[in-house]
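Trainee: Combine both chains into one complex, guided by the hints.
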Amino acid sequence: VTGDKGEAGYVEYVSGRMTSLRRVAYLLCQDWYSADDLVQVAVTRLFAHWPRARRMDNLDAYVRKILVHAFISQRRSAWGRRVLLAESPPEVPDLGTDREAALDVRSALLCVPPRQRATLVLRFYCDLDVEQAAAALGCSPGTVKSQTAKGLAAMRRLLEPAMPSIGGADRG
Amino acid sequence: VPTVDENGIRTLLRETADTDIPPARVDLDQAIATGRQQRRMRLTGIAGSAVAVVAAAAVIAVTGVFNPASPPREPIAPSASGQLSAPDRFNPLVPYAAFGRLPAGWHVGQKSSFPGNDLMAESATTQLSLQVWAPDGAGGLTVYPVGQCRSAASTLLCPLVNEPWQKLSRAPDVNGRPAYWLVLKGTSPGSTMIGWEYAPGAWALLGWGYSNTSEPHPAGAVRAVVRSLAAGVRFGQSTPILFPYTIHGLAGWQITEVDYTMVNGQPSARMLHLAGGQPAGIIQVNAVPASTPLDGRCDRPGMSLDGHATLDGVTVDLFAPKGQVVCGDDIDGLQVELFFGHQRGGYSGSGTALGYARHLDLLGADQASWQPYPLR
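Same order as they appear, the protein sequences are chains A and B. Just so you know, we're using the numbering used here here: the first sequence kicks off at -14 and counts up by one. Just so you know, we're using the numbering used here here: the second sequence kicks off at 15 and counts up by one.
Because the hints were derived from the structure by calculation, they are not lab data. Keep in mind the model is a prediction, meaning the values are calculated, not measured. Don't take every hint at face value.
[Said to hold, decoys possible] Each pair of labels, with its calculated beta carbon distance range:
#1 B/G378 x A/G1: 50 to 58 Å
#2 B/Q280 x A/N43: 29 to 37 Å
#3 A/A(-7) x B/Q251: 45 to 53 Å
#4 B/R24 x A/V(-4): 31 to 39 Å
#5 B/A118 x A/T4: 34 to 42 Å
#6 A/D45 x B/P173: 31 to 39 Å
#7 A/P126 x B/R372: 27 to 35 Å
#8 A/G1 x B/R115: 45 to 53 Å
#9 B/S168 x A/A(-7): 33 to 41 Å
Using N, Cα and C, we set each Cβ at its ideal position, and we do this for glycine too.
Here chain B stands alone, though its shape is the one from the complex (with noise of 0.2 Å):
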């Protein structure tokens, strides 16, 4: 067994990265097309580091401003019909769907059992994402608003996707709900995902593999599992998000997204997506007990967050928005991040993300004292 020294970590990474590799997924026609529609943005003035932060506004103009104020939405009803009616937006505060009764070993979220680990739903006005993990498979789910997919017959156009998903063949109802098996074009026909019309005019996408180790599964099998999966996804859910931390005198800003992981049982917050401002920026919040770890993108000497020492770090990167990050490792028992950046990547000066990470009021790590809503 290597020991844990540079020679040791060496002989480690080559070992794991040296594995047998499976066929490349990646796709350079996709590649070029792509980058060529990048290159036309930038020589027509758009640059890359603005195209997030607009992409990401585009979505709020188009399904319209999330008023953090407003109250919840209330659960979605089925009407007279017995029909489910789907919002046009969710409330990224409120995750819409959640997956039903799991055999015992799944759980939502990744499979490392390691704290931090565990991969966050992500619950937008658009989409609200889940995964699901077993022993040997793991599957996604993607749910969306009435009118966010296209339906032809033979295609289901989704946001977020380059292209249509290619209908297979019709797949048995979903609670009585019309669904199809899918596969994105040049893909392996033995596709494991199915999309079903939830509610009149809004879509659900649930994808599910095995892992390469595990037995080889009939293809009947995997479908089984991909319905029973998807006949237990639960529609029109009213438990809020609960978090850390309160956030006071933010006026102008919105929520745009939140990440979050499922702590006993209780959808709990990771990453907050907060975009506004003047000039157009983005703010994202994460704040999680101590013991849980954290990114570390802080490594500068730090100032002072009321009475905390904290680190501050300035992001670089190539095509992101570059900002401002500050952490705290250990403020109220909790491990604190925020990161700002603005809309044309530069810099408003030392401490801005100080200033914003003020806005902040902790609540402790004790899940108890947490609440949902945070803007205040």
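Here chain A stands alone, though its shape is the one from the complex (with noise of 0.2 Å):
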């Protein structure tokens, strides 16, 4: 494989992923402008790792894990949050319409701790089972179940007294 041909396949294969990367990657930071700092990262180290990566069966799988791992890392190390600065500051979230309810759910997820919100975002947006939730983190299925049941309860607590009807029991 030459150089320009993994090139390609890299361009297009991230190109076509763009999307869906940075809406995940939203989900976790809550801001765009972190989020793309995020995808910056994982599509900085995918390259990195092009090679071997392009010949993985789930390539979707390895990419996810590397945006989780990046997320959970920045939010560790403020090494992390250092190496990216850019030209302006981050953006106050875009709350759309319903600015009262987002900015609710959103100010829930900023408070679910950054392992149990990769969590949720693994499980019930990009639809994991736990087993698939746990290869991403890096965990045991054990762990995904806790770190669940943990989210769950943590924003259900959040979201209690903005939200009527509230219900539901832990599930992992």
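Mentor: Right, dumping it as structure tokens:
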């Protein structure tokens, strides 16, 4: 595989997945500015590993794993936040038309610890089952279950005052 | 309104993600260039996990090791000529700069009012980063010590940015110091980033943006906000960051960075970063009042930290240093999290992080008991 051919395949793959990657990153970060920084980190790492990655059976899962790990890592280390300075500060979240409801949900998501938030996004936005989410997070299925339950409980706790008719039980 | 069960969360997440997506800032050319560099480093035997640690160590090496035992620097007084003289490195325990008086409704930190999410400022030897939020916009300030940025006729190159800022045009002086409107190559010329030489050879950068939902603002008005904020920045501050703990017996470790937030108008520590040890490693300490949410990386059965139950965990990360983390949920009213990782990304045996945690002397949740200069 020549560098050019590999590069073209990389560009084609990433371009095709860009929107979905950005949406997942947005759910994790809760603002588009940080989301794009996160995607930038992820696709950079993907290119660094592209010769091996392009032969993987489930490349999407691999990229998702890079994205989630980059997110959790950045939230843990200020190094990650410092590497990607850019020309403008983070945007204030675009709250859309239903500002108050959106603010509630996104503020609640921001209050859920990063790994629980990532677990919720993987399970309920990316529709991964427990085993797939565990592979993406690099942890045991049991941990995914407990993180899911904690994340749901945290969301309930945070949204309860704002939303009537809250129900449902912890499920993992 | 969806209920907050699994299906409800699914609905909420989809509704949240399915907002109008703005144009991407992701730069594939840059990703390829940087990714290629990473490949080369890997091929030459530098493990990715080691790079971050080496880079952090390099910062220390370049700027000189900060000695936590040394007395804090005095505020930098203007010279006889009335000119501010910036240091060649900052004391990460004493944030060098602060925003001046802010309009009502503005505050330093993140927009969310939830505790634990007020984004921290970062104080390190080579830079200080602060954010400020308004009801309809946000700004970011980065201050560098003398000699960190290189100014040329048309560019300004500062650390941790991959390419130099382009000087769009001369801006009105900030407190009598030369200033420029800046932009990164290839981005919109409507930049609201200003860079000014706040002291000879020392630069500060400040950017501002309004939210997508706010009313359109004329470029001139945005620049006026930026200039006003820049003019209000106070340099040579001497108020130290308070810590809810002291640390004893960590000879050979140096403080590389302190993430802090403002509590009751006082800079108060969040994450303390240390580098050193043998083999070279990093320690990160985060201790906050128990009511403040933390990341929650610990989920394994724990061990005892001086009689308090703790959770023990191993962080598994593809690229960052792997390491161990120990968490205590409510120890003397504090949530405590200590991460330890070393350069080779290996594990030093169960309980190593706990061993380092035993070097902490916790001071409780009452800010009045907290102390500056944590290393003893």
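Trainee: Indicate, hint by hint, whether the structure satisfies it.
Mentor: Verification of the supplied hints:
no.	hint	result
1	B/G378 x A/G1: 50 to 58 Å	54 Å, holds
2	B/Q280 x A/N43: 29 to 37 Å	50 Å, violated
3	A/A(-7) x B/Q251: 45 to 53 Å	52 Å, holds
4	B/R24 x A/V(-4): 31 to 39 Å	32 Å, holds
5	B/A118 x A/T4: 34 to 42 Å	39 Å, holds
6	A/D45 x B/P173: 31 to 39 Å	36 Å, holds
7	A/P126 x B/R372: 27 to 35 Å	33 Å, holds
8	A/G1 x B/R115: 45 to 53 Å	50 Å, holds
9	B/S168 x A/A(-7): 33 to 41 Å	34 Å, holds
Violated hint: 2 only; the structure is consistent with all others.
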